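Chains as they are written, first to last, in this note's numbering: chain A, 31 to 164; chain B, 31 to 164.
Just so you know, the hints here were simulated from the structure itself, not pulled from any lab data. Be careful, since some hints might not be right.
Chain B residues, not near chain A, derived (Cβ > 10 angstroms throughout) [to be verified]:
#1 Ser48
#2 Arg63
#3 Ile66
#4 Leu89
#5 Gly91
#6 Gly117
#7 Ala121
#8 Ala128
#9 Glu133
#10 Arg136
#11 Pro137
#12 Ser140
#13 Gly141
If you want the footprint, here are the derived chain B segments under chain A, 3+ residues with CB under 8 angstroms [unchecked claim]:
#14 35 to 42
#15 50 to 59
#16 70 to 77
#17 102 to 114
#18 152 to 162
Quantities reported herein were computed from a predicted structural model and do not represent experimental measurements. The C-beta atom is built at its ideal place from N, Cα and C for all residues, glycine as well.
Protein chains: 2
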Amino acid sequence: MLDRIDHVALAVSDLDASLDHYREVWGLEVSHRERIPDEGIEEAMLPLGESFIQLIAPLEGGGTIGRYIERRGEGLHHIAYVVEDIGAALAGLKAKGARLIDEAPRPGGSGNLIAFVHPAGNRGVLVELIQRPA
Amino acid sequence: MLDRIDHVALAVSDLDASLDHYREVWGLEVSHRERIPDEGIEEAMLPLGESFIQLIAPLEGGGTIGRYIERRGEGLHHIAYVVEDIGAALAGLKAKGARLIDEAPRPGGSGNLIAFVHPAGNRGVLVELIQRPA
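All chains, full assembly: derive it from the sequences and hints.
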């Protein structure tokens, strides 16, 4: 069902400072950066092997990532898996009792279809499913 | 400096139940399982693409993972990167001001050399470096 890890998402309070940190300390460079005002975030993708490190920062106003950082601090936020058929994956997860945040796939960045699975019932891990454009 | 993601480590309270969960819900199978009494943990590796999902559970007595779960609950714990030369990587990180938990590489499972980097000074993310055996 799962193809590979698409990305590991890290919540950061300051995207520019964090991109400097990841370049200088870890040698990782940004390949894509995008503001998503609807979700109150700005994200950046840093390629590593077949996956990415994703940095997510709150836009002005906070949003869910701002509240997450207030409550838990900066750090690991979620893991995203590539699936071939996100509709089939969601139907399968629902049949197995997983708690879906998104009952149906929705458009993400870069032409992807995405859906989130709730950490409750998944051993505390927030999961994003991603279907790449054909 | 970094080759790829070796694994994403998830803290779980019950390894057997979690392996069942990952098999039934996510279709991931365990390839290696090991008790590490010195660290008070049992770990299991689930291959996915070029990386692994690692489940870590506390042995009787709790240890650092038991205390982590008490404080934060089950969930994402750390991220591990493959490096070619772990000695050079640690020296470089130290020169850049990273806070090393292990100043020198130490033996991990499967003949690997490993070292941990503290989340303080790394935007809240605990990192493990891994050099595979030659």
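Verify that the Cβ of alanine 121(B) lies farther than 10 angstroms from every Cβ atom of chain A, and report whether the claim holds or is violated.
The assertion about alanine 121(B) holds, with a minimum of 13 angstroms to chain A.
Hey, does alanine 128(B) actually stay past 10 angstroms from chain A on C-beta?
6 angstroms, violated
Verify this label for me: glutamate 133(B) is non-interface relative to chain A, using a Cβ-Cβ cutoff of 10 angstroms.
The assertion about glutamate 133(B) holds, with a minimum of 17 angstroms to chain A.
Are 3 or more residues of the region 50 to 59 of chain B near chain A, judged by a Cβ distance of less than 8 angstroms?
holds (count 6)
Beyond 10 angstroms on every Cβ pair: is that true for glycine 91(B) relative to chain A?
The assertion about glycine 91(B) holds, with a minimum of 21 angstroms to chain A.
In terms of Cβ atoms, is chain A entirely out of 10 angstroms range of leucine 89(B)?
Label holds. Min Cβ-Cβ 18 angstroms, cutoff 10 angstroms.
Coverage of the region 70 to 77 of chain B by chain A (three or more Cβ within 8 angstroms):
Result for this restraint: violated, n = 0.
For serine 140(B), is the shortest CB-to-CB distance to chain A above 10 angstroms, so the non-interface label stands?
With a cut-off of 10 angstroms, serine 140(B) remains clear of chain A, as the shortest Cβ separation is near 19 angstroms.
Minimum Cβ separation between glycine 141(B) and chain A greater than 10 angstroms?
Given that every Cβ of chain A is farther than 10 angstroms from that of glycine 141(B), nearest at about 21 angstroms, it holds.
Verify this label for me: proline 137(B) is non-interface relative to chain A, using a Cβ-Cβ cutoff of 10 angstroms.
24 angstroms, holds
Verify this label for me: glycine 117(B) is non-interface relative to chain A, using a Cβ-Cβ cutoff of 10 angstroms.
16 angstroms, holds
Are at least 3 residues of the region 152 to 162 of chain B within less than 8 angstroms of chain A when you compare beta carbons?
holds (count 4)
The structure fails hints 1, 8, 16 (numbered hints given earlier, in ascending order).
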